[in-house]
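There are 2 protein chains.
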Amino acid sequence: MSGKVALICGGGRFPIVAARAAQARGSEVFLLGLRGIAGKDVEEFPHAWVGVGQLGGAMREISSRDIQDVCFIGGLGRPELSDLRLDWGALKRLPAILRLFRGGDDHALKGVIKLFEREGFRIVGVDSIAPDLLAWEGAMNAVAFPPDARDDLVFAAKCLADLSAYDCGQALVVSKRRIIAIEAVEGTDAMIDRVAQLRETGRWRASGPSGLLVKAPKTGQDLRADLPAIGPETVAAAARAGLRGLAVASGRVLILDRANVAAQAERAGLFLHGFAAEGA
Amino acid sequence: MSGKVALICGGGRFPIVAARAAQARGSEVFLLGLRGIAGKDVEEFPHAWVGVGQLGGAMREISSRDIQDVCFIGGLGRPELSDLRLDWGALKRLPAILRLFRGGDDHALKGVIKLFEREGFRIVGVDSIAPDLLAWEGAMNAVAFPPDARDDLVFAAKCLADLSAYDCGQALVVSKRRIIAIEAVEGTDAMIDRVAQLRETGRWRASGPSGLLVKAPKTGQDLRADLPAIGPETVAAAARAGLRGLAVASGRVLILDRANVAAQAERAGLFLHGFAAEGA
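Listed in order, the protein sequences are those of chains F and R. Per the working numbering: the first sequence = residues 1 to 280. Per the working numbering: the second sequence = residues 281 to 560.
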C-alpha cells in the first residue's frame with residue numbers, strides 16, 4: 001500500500017510508530033490527533049488537532065487534503081458525552097453519536113467507523129499500513145511454547161470468544177483450566193498486576209512460573225478499529241506475576257516495538273506466542 | 281427437616297449461622313471443622329476437627345455418630361495438595377482426590393461430593409437445613425429495583441451463565457450493558473473494590489449511583505456444595521463503589537444475616553433484589 005492515509009490518533013505510542021512504519025512503506029501520512037488523548041509527538045508529522053466530538057472538523061480536514069483512506073489507531077478510552085465539545089458536524093449526526101455511548105467499547109468504535117464510511121471514507125486497518133506491528137503466528141522469541149500449555153490456550157481462547165457477545169474481556173490469565181483473572185474495564189496490565197497480588201497474598205497459590213496470559217480481539221470485532229495491544233509494560237507485568245508466557249492472537253494483536261518486546265520476554269523466561277483463531 | 285446432620289465446615293461465619301438455624305428447626309447437628317479453615321466457634325457445638333485431606337477420618341467421625349445427612353458449608357478456598365496431610369482414607373481415594381485439583385473450584389467440590397456419596401452419605405443443601413440463609417425472590421428491602429436496571433440484569437445473568445462453562449465468574453458489575461468488572465479468583469468483595477478504584481481513577485466515569493452487582497451460582501453448579509454468598513462486607517463494598525444495588529439469584533445465593541444486610545443496603549440507598557434464573 002502507498003498513497004495518502006489519514007491516521008486518527010488516540011493515546012499511547014502506537015500512532016507514532018504506525019505513522020513511521022507507513023512512511024517507511026512509502027505512504028504519505030496525515031495525523032489527526034484527538035485533543036486530550038493523543039500525545040504531543042503527533043506534531044512531528046503533518047497533522048491537525050481535533051476534539052473527539054468534532055467529527056465534522058475531522059472529516060473536513062481529511063477531505064480537504066484529498067485523502068480517502070482513514071486509519072484509527074491508539075487507545076480511545078471511552079469518551080464521556082460531557083467531555084465532548086460537539087461541533088455542528090457532530091450535532092447533525094447526534095442520534096448516531098448518542099448510540100455510541102451505549103454498550104461496550106467495540107460498539108462505540110463500530111459506530112464511529114460507520115459514520116466515516118457513510119461520508120465516503122475508506123477505513124483501513126493497521127495491517128495494511130504497518131503490518132510489522134502485528135503479532136505473527138508461532139514463536140516470536142526463543143522460549144518455546146510448552147506443549148502442556150496448549151490445553152489452557154484453547155480453553156482460554158474459547159472463553160474469550162464466548163465473552164465477545166458481551167463486548168468485554170480481551171484478555172485473561174489461566175492456569176490448568178482455572179481462570180485466575182478476566183479483564184474488563186481495568187485493562188490488561190492492571191489485570192496481570194492483580195494476578196501478581198493474588199499470588200503474593202496466597203489467594204492464588206502456584207509454585208514457579210505458572211499461568212498464561214491469553215489476549216485476543218473479540219469475535220466479530222472490527223479489526224480496522226481498536227486492535228488489542230501489548231507492549232513492554234505488559235511483559236513487565238507478566239514477569240512480576242510469575243507467568244509462564246504470553247499468547248496473543250496472530251495478526252490481530254498489536255505489539256509495540258515487537259522485536260524489543262520479544263527480547264524482553266525472552267530475558268524474563270517468558271514465551272511470546274502467536275496463535276490462530278481459538279488457539280488452533 | 282429434622283434428625284441428625286453433619287456440617288462439614290469451611291471458613292467464614294456461615295457454618296455457625298447455619299448450625300444455629302438447623303438447631304432452631306429441630307435438627308441435631310454435628311460440626312466437622314476443617315482444620316486451618318473453619319473458625320474456632322465450631323467448638324460451640326458438638327464437633328470434631330479434621331484435615332482437608334483426611335476424608336477417611338471425616339467419614340468415620342460421621343458414621344460413628346450414625347449420621348447419614350451431610351451438608352457442606354462455608355468457603356473452602358482451594359486447597360493446595362502440598363498443604364494436605366493425606367490420611368489412609370484419602371490415600372485409598374487418591375486418584376479421585378488428585379482429579380479435584382484440576383479445573384475450577386466447582387469441579388473440586390463436585391468431586392468431594394461424589395466421594396461422600398460413593399460411601400453412602402446423603403448430601404443435603406443449606407436450603408434444607410437453613411432456608412432462611414438464602415436470598416428470596418423480589419425486593420429484600422424498601423429500595424425498589426429500578427425498571428431501567430432490568431436490561432442490565434438480564435444481560436449480566438446471561439453473561440454469568442455463559443461463563444459457567446469455564447467454571448469461573450460468579451459475579452460481575454454491569455452498567456448500561458457495559459461490563460465494568462468480572463470476578464475470577466479475587467472474590468466478589470475485591471472485585472467490587474476494583475470498581476471503586478476504577479471510578480476514583482476515572483477509568484470508569486459515571487456520575488451518581490451507577491452499576492449493578494449481579495451474583496449467581498454457575499449453571500449446573502451443585503447447589504448442595506458451594507453456594508455463592510454475600511454479607512455485610514459485600515454491601516459495604518457496593519456502597520463504596522457507588523453502585524445502585526445488588527441483584528442475587530433467589531434461592532441460590534446465601535446472605536449472611538439477611539435482615540441486617542438488607543437494612544444496611546437500604547440505609548446506603550442500595551436495592552437488594554432476588555432474581556429467578558437468567559434475570560427473569
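Just so you know, these hints were derived from the structure itself, not from any lab. Careful: at least some of the hints might be erroneous.
Claimed, not checked - The following label-pair restraints were derived from C-beta to C-beta distances:
| id | chain 1 | residue 1 | chain 2 | residue 2 | range |
| --- | --- | --- | --- | --- | --- |
| 1 | R | Ala556 | F | Arg65 | 52 to 62 Å |
| 2 | R | Arg457 | F | Pro147 | 31 to 41 Å |
| 3 | R | Lys394 | F | Glu233 | 51 to 61 Å |
Using N, Cα and C, we set each Cβ at its ideal position, and we do this for glycine too.
* What hint numbers does the structure not satisfy? -> 3
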